[in-house]
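Number of protein chains: 2
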Amino acid sequence: MNQMFAKRTATVHRSFIREILKVTSNPDMISFAGGLPNPRCFPVNEVAAAAAKVMSTSGVEALQYSTTEGYPPLREYIADRYQKRFGFKVDPENILITNGSQQGLDLLGKVFIDEGDRILLERPAYLGAIQAFSIYEPSFRTIPLEEDGPDIAAFQKSIADERIKLFYLVANFQNPSGITCSKQKRIELAKTITDSYTFLIEDDPYGELRYAGEDIPSIRKFTDQQIILLGTFSKIVSPGMRLGWVCAPREVIEKLITMKQGSDLHSNYITQRILFQFLQDNSLDQHIEKIKAAYKTQGEAMVRALEEYCPTEVKFTRPEGGMFIWMTLPEKISSLTLFDLALKENVAFVPGNAFYVDGGGSNTLRLNYSNSDEIKIEEGIKRLVKTIKELMVRE
Amino acid sequence: MNQMFAKRTATVHRSFIREILKVTSNPDMISFAGGLPNPRCFPVNEVAAAAAKVMSTSGVEALQYSTTEGYPPLREYIADRYQKRFGFKVDPENILITNGSQQGLDLLGKVFIDEGDRILLERPAYLGAIQAFSIYEPSFRTIPLEEDGPDIAAFQKSIADERIKLFYLVANFQNPSGITCSKQKRIELAKTITDSYTFLIEDDPYGELRYAGEDIPSIRKFTDQQIILLGTFSKIVSPGMRLGWVCAPREVIEKLITMKQGSDLHSNYITQRILFQFLQDNSLDQHIEKIKAAYKTQGEAMVRALEEYCPTEVKFTRPEGGMFIWMTLPEKISSLTLFDLALKENVAFVPGNAFYVDGGGSNTLRLNYSNSDEIKIEEGIKRLVKTIKELMVRE
Chain A
1441 MNQMFAKRTA TVHRSFIREI LKVTSNPDMI SFAGGLPNPR CFPVNEVAAA AAKVMSTSGV
1501 EALQYSTTEG YPPLREYIAD RYQKRFGFKV DPENILITNG SQQGLDLLGK VFIDEGDRIL
1561 LERPAYLGAI QAFSIYEPSF RTIPLEEDGP DIAAFQKSIA DERIKLFYLV ANFQNPSGIT
1621 CSKQKRIELA KTITDSYTFL IEDDPYGELR YAGEDIPSIR KFTDQQIILL GTFSKIVSPG
1681 MRLGWVCAPR EVIEKLITMK QGSDLHSNYI TQRILFQFLQ DNSLDQHIEK IKAAYKTQGE
1741 AMVRALEEYC PTEVKFTRPE GGMFIWMTLP EKISSLTLFD LALKENVAFV PGNAFYVDGG
1801 GSNTLRLNYS NSDEIKIEEG IKRLVKTIKE LMVRE
Chain B
1441 MNQMFAKRTA TVHRSFIREI LKVTSNPDMI SFAGGLPNPR CFPVNEVAAA AAKVMSTSGV
1501 EALQYSTTEG YPPLREYIAD RYQKRFGFKV DPENILITNG SQQGLDLLGK VFIDEGDRIL
1561 LERPAYLGAI QAFSIYEPSF RTIPLEEDGP DIAAFQKSIA DERIKLFYLV ANFQNPSGIT
1621 CSKQKRIELA KTITDSYTFL IEDDPYGELR YAGEDIPSIR KFTDQQIILL GTFSKIVSPG
1681 MRLGWVCAPR EVIEKLITMK QGSDLHSNYI TQRILFQFLQ DNSLDQHIEK IKAAYKTQGE
1741 AMVRALEEYC PTEVKFTRPE GGMFIWMTLP EKISSLTLFD LALKENVAFV PGNAFYVDGG
1801 GSNTLRLNYS NSDEIKIEEG IKRLVKTIKE LMVRE
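Taken in order, these protein sequences are the chains called A and B.
The working numbering puts the first residue of the first sequence at 1441, with every later residue one more than the last.
The working numbering puts the first residue of the second sequence at 1441, with every later residue one more than the last.
The hints are simulated quantities; they were obtained by calculation from the structure and are not laboratory data.
For glycine and all other residues, C-beta sits at the position ideal for the given N, C-alpha and C.
Take the hints with a grain of salt, since some may be wrong.
Listed next, the stretches of chain B that the computed footprint assigns to chain A, with coverage defined by at least 3 CB atoms under 8 Å from CB atoms of chain A [as the list claims (entries may be wrong)]:
#1 1444 to 1456
#2 1491 to 1505
#3 1561 to 1575
#4 1639 to 1649
#5 1828 to 1834
Subject to a maximum C-alpha distance of 27 Å in a straight line, what follows is the list of computed BS3-like cross-link-like pairs (lysine-lysine) [what the hints assert, rightly or not]:
#6 Lys1730/A x Lys1493/B
#7 Lys1447/A x Lys1447/B
#8 Lys1493/B x Lys1493/A
#9 Lys1447/A x Lys1605/B
#10 Lys1826/B x Lys1816/B
#11 Lys1730/B x Lys1493/A
#12 Lys1826/B x Lys1755/B
#13 Lys1605/A x Lys1447/B
#14 Lys1631/A x Lys1597/A
Taking CB as the label site, the calculated pair distances span [to be verified]:
#15 Ser1465/B x Arg1525/A: 27 to 37 Å
#16 Glu1586/B x Phe1526/A: 56 to 66 Å
#17 Lys1493/A x Ser1465/B: 36 to 46 Å
#18 Val1463/B x Arg1690/A: 15 to 25 Å
#19 Glu1516/A x Glu1694/B: 23 to 33 Å
#20 Gln1596/A x Glu1555/B: 32 to 42 Å
#21 Asp1813/A x Glu1691/B: 39 to 49 Å
#22 Leu1724/B x Lys1524/A: 37 to 47 Å
The task is simple: from the sequences and hints, build the whole structure.
This is the structure we're talking about:
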């Protein structure tokens, strides 16, 4: 049957992460593999109340077909929040509601990517973006991700040397690395893309989850040219709702709308209404404070455990927000080998190689802390480091 | 900026139908243009109760990420319903939950269509399929749609002469024509595709909405080879939920899952839970009886008005279910010209040319009856026929 399938099916791979989730259903397993928000932070009662209100006041409307663009008051809320967070003006017409920011990536692929087009990623890069863009058969290029964000000289060289259509980055608490791009680098990125051929896509699922240090504005604060923003309610309200957005120039939004019509007509409307009702009746800021408090506890517990147990040859990032820590093992240690051994010790993580489109990263791995409590975090890191030490002795 | 966009953006067109919806928001307008279910049939109270139950019993789970495949009990429900409706066995593993059947089309495009691949459609064909497949830049072929379904000789010739990857059809109360494929033709289609290279995609949004005549089994009843089924809850529960499915061989489902991961991770989970709860606590069959009773009244009212007012030169279909009637004007009359004149008389429809990928159909149009009451249907048809007669005199 393989002859029937489109050739892209040979290059788009099933996410290793989602496959790991199946392995880790064992209750004795301590999993740092997923990227699940802490479910204890979900606003269950508030969403229940919002759902009841929507169904009693606008039930008929909520069950009917709706517009591709998304529920207008929700688009307005998102536009206003940019103004409030960063002080730049966004028109609701520049917002398209999507099924999580993942669909934003798919639609951007549809609108921008012809086979062979050059797409620039950070090294390592968010796996979901690699998967989404791969469907449109681009040619990936990468630049190093340094401790304070992408290597600017490499970025400038890349877009000067080649026609790079899109540069995709996660500027805050990047998935997988936890790294945040500095303000200085954001200014330089903004300067470089303005008047260039390249569109910069700034994906920001975790930006509101800063629990240490100071907020840094979106790159969009420093230029309104050649920039597209992706956002999501997955990490600040609920991922099960699958509601995110693209914020882009109107000409791009028009093309995205046409592609979304063909892709699924519009996003789940009843949930758009419920989410908006929740946002009307509750303070999102107060809700986010609760999430940040939890992630601060969890993130700091993981850093503490790593500092206590890790040998000095093992390096790890110390994020100021978000959900992930990135670990770099001594060069000869393969995180894939470690993965198999660690599973036997009932601890799981994501081997880093999946986040590299051009090889490398075999001695890196991603750790998630948002979905384990302090006790499991300490125990899990103990088990993990024990396994790492065993491997180091072998080498 | 146009140089930036992928070349597919030049061939994928915004749906004229969705654009018409904007024109028809005028309250004096009688619109037969849309394809909206009758909102008076929505189970608002029952969905409200289901939502409350889900949030109180499984709220945390419903708000979390879930599996790409979809909520297992919902997949099981769908599989069981095939058994119940047609007596053939489907495993829940063969069901993938999608954002309406429209996303099923997009995912099938991703999995099967390389640029230039030959896709066969009925003439006329469902516009959403044309849009979804166009994204993957196929080469469309068409076969005539006759009063009792696709022209079988043309179908056999087409798949014998060329490597046709996919043949897409709506066998029951087709959108746009209202035509139903006869049992004999289904048997012949099944025979022809079995052991062929071609996959037949049977889309069935309206099959449960038969209000006259006798049910005809799915083509899948006559072969389990080379066939993929699409289904949706949009017309039998709620389109705002955006929940449909693909039923396909496991090897195809595997590829679809990979593509869906990259496209939006999974369908809205909270709504999957609410829909399943609704299906558990209510009889879907009884609910469908209510919809059928309403559509029978509305459909018969439109046929009656057409019979009463139309000159004999104007032909129209007499559907036994679904939501649409197809009208064929005398050859020289353009339904696009009619559209402009009819709008001035405050009546709207969809000109037929949009449903033809290879030209033609300029004297055809689609009428929807599910979203207007009997009084509006009669008045709207009066206005429409008056305009048609004016145009006929001019010619």
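Item to complete: Please flag the earlier hints that this structure goes against, numbers listed from lowest up.
Response: Those not satisfied are hints 4, 5, 17, 19.
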